[in-house]
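Those sequence lines, one after another, are chains Y and D.
When the first sequence is numbered by numbering that gives the first Met the number 0, its final residue is 152 and no position is left out of the sequence of numbers.
When the second sequence is numbered by numbering that gives the first Met the number 0, its final residue is 111 and no position is left out of the sequence of numbers.
Keep in mind that the hints are not guaranteed to be accurate.
What the hints assert, rightly or not - The list that follows gives simulated cross-link-like pairs (lysine to any residue, SDA-like), each with its CA atoms no further than 20 Å apart:
{"id": "1", "chain 1": "D", "residue 1": "Lys16", "chain 2": "D", "residue 2": "Met0"}
{"id": "2", "chain 1": "D", "residue 1": "Lys85", "chain 2": "Y", "residue 2": "Arg100"}
{"id": "3", "chain 1": "D", "residue 1": "Lys16", "chain 2": "D", "residue 2": "Leu103"}
{"id": "4", "chain 1": "D", "residue 1": "Lys16", "chain 2": "Y", "residue 2": "Gln118"}
{"id": "5", "chain 1": "D", "residue 1": "Lys85", "chain 2": "Y", "residue 2": "Asp43"}
{"id": "6", "chain 1": "D", "residue 1": "Lys76", "chain 2": "D", "residue 2": "Ser109"}
{"id": "7", "chain 1": "Y", "residue 1": "Lys63", "chain 2": "D", "residue 2": "Ala89"}
{"id": "8", "chain 1": "D", "residue 1": "Lys76", "chain 2": "D", "residue 2": "Asp2"}
{"id": "9", "chain 1": "D", "residue 1": "Lys83", "chain 2": "Y", "residue 2": "Leu18"}
{"id": "10", "chain 1": "D", "residue 1": "Lys33", "chain 2": "D", "residue 2": "Thr66"}
{"id": "11", "chain 1": "D", "residue 1": "Lys16", "chain 2": "D", "residue 2": "Asp2"}
{"id": "12", "chain 1": "D", "residue 1": "Lys85", "chain 2": "Y", "residue 2": "Arg107"}
{"id": "13", "chain 1": "D", "residue 1": "Lys82", "chain 2": "D", "residue 2": "Thr66"}
{"id": "14", "chain 1": "D", "residue 1": "Lys33", "chain 2": "Y", "residue 2": "Phe106"}
{"id": "15", "chain 1": "D", "residue 1": "Lys85", "chain 2": "Y", "residue 2": "Lys62"}
{"id": "16", "chain 1": "Y", "residue 1": "Lys63", "chain 2": "Y", "residue 2": "Leu23"}
{"id": "17", "chain 1": "D", "residue 1": "Lys85", "chain 2": "Y", "residue 2": "Leu18"}
{"id": "18", "chain 1": "Y", "residue 1": "Lys67", "chain 2": "Y", "residue 2": "Leu18"}
{"id": "19", "chain 1": "D", "residue 1": "Lys83", "chain 2": "Y", "residue 2": "Gly29"}
{"id": "20", "chain 1": "D", "residue 1": "Lys85", "chain 2": "D", "residue 2": "Leu103"}
{"id": "21", "chain 1": "D", "residue 1": "Lys83", "chain 2": "Y", "residue 2": "Lys62"}
{"id": "22", "chain 1": "D", "residue 1": "Lys85", "chain 2": "Y", "residue 2": "Phe106"}
{"id": "23", "chain 1": "D", "residue 1": "Lys83", "chain 2": "Y", "residue 2": "Met42"}
{"id": "24", "chain 1": "Y", "residue 1": "Lys62", "chain 2": "D", "residue 2": "Lys76"}
By construction, these hints were calculated from the structure, which means they are not laboratory data.
Since we're looking at a predicted model, the values are computed, not measured.
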Amino acid sequence: MCDAHRARIHVHLRVPSDLRFTDLFHLVLGQLAHEIQIPEERMDWVTLCLREAVNNAVLHGNKKDSSKFIEVEMEEVEGEFVMRVWDEGPGFNVSVLGDPRNPENLFRPNGRGIFLIRQLMDRVEFIHDSRGHFGLEMKIALSKKDKQEAANE
Amino acid sequence: MNDRIYEKDGVTILELKGTITLGSGDVTMRDRIKELLAQGKKQIVIDLGEVSFMDSTGLGELVAAYTSARHQQAHLKLANLTKKIKDLLAITQLAAVFESYESLGDAIASFK
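So that you can see chain D by itself, here it is in the shape it has in the complex (with noise of 0.2 Å):
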């Protein structure tokens, strides 16, 4: 999985591409979340567009990081979610849990 953080209107912006499931993508994902945490980082959204594929391993990273987020008074939001992705949302019920976005412009918004 290769990843980018940049910021923008003040909300940091986690991009993720490739695949998130155990062993692959989860750690980095598990790392970026602690980083930008530690930086203290509070408006955060992660971008899932370009995610091809998330298993049960990845969906708990979100959860983790969602709970972790909310620890530190942070918010985590979604943006671009897959089909796949949403559908897996919808099934275990998270859809409830997350602030997702259709676009990344739209996540972005909803800060301000």
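Chain Y extracted, bound-state conformation (with noise of 0.2 Å):
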């Protein structure tokens, strides 16, 4: 079938706030990169980032409350994957997160998710939707550029 007639893939899932449900959404990621193509290289940085970030949002958004709900959108637009995480947390104010490379916060076991998810994808934002939830968006480019590559440009 001719790209131009391919309908668009967009992924939306909502599940219970648990923990559980993060191999699941590793699971969709993989068999989605069949139909997307997202580069292989960087197959795995993608799905430690969707897993980031949906731990974030079980953990920190919905604060291990299972009566909430996350979802996850992940979708193909216009050369590049994008996936949303919500969580019907607030959010939260990023200039406070710390840089886990910083020698007061080497040392420290956790705090490194978020930071990961910025550094390995090429645009991250923190956003609002209508309700008021909060979600993460991560975009890569879908070419075989690496983020150094894309930021030259």
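Make the complex out of the two chains shown on their own, each in a separate frame, by following the hints.
Quick look at the structure:
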């Protein structure tokens, strides 16, 4: 089928806020990679970032409240693979996140999830929808370019 | 995750296989290190050659293992890091914290 006529893929999953669903999203992403040409060399990083975002939403966004929900969207938009992970929390002030590479943080066992997402994805945005839900939007280019090459353009 | 503990040339090897992520392998690794330190082991190598996937929780457990060992005057080193784990350690600058070796033999020899 001609690409111009290919229906756009948009996966949207809504599940109770529980860490046991992190593996489900991991599996769905793996299947989606057969349909959307996510660069193979970046697939592990994309998977890692999705898992980090989901874990963050369950633990920190929804504060382990299993009566709440998380939502994950995955889609291909104009040459990019986009993932959005939504929780029902108010979000957080990104500027207060410490840099885990700083000497005072280096030996802390936590605080590396969002940092890794920002390092490994091409673009990351913290967003809110009309319901006031908090979302983490992550994008990577679907070409073979790595993050540095994309930044140099 | 699967794990195996054995001794070679006076060094304790903790061999890990599978994934070390939040809820999978993280607690096992923590418990094994705790057990080894409680037994008084002072020279420990974690063999990561068969670890297929690690997230920030896995990294955090490695850091916690390292600091726990130091508090007990034990030395913890890493061996057989995959490219992805090397990259993760580099990105987080934990590569400067851990003594890591290309092979298990090199890691064991480093204690002599």
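Margin query: Which constraints among the numbered hints does this structure fail? Numbers only, ascending.
Written below: 4, 7, 9, 13, 15, 17, 21 and 24
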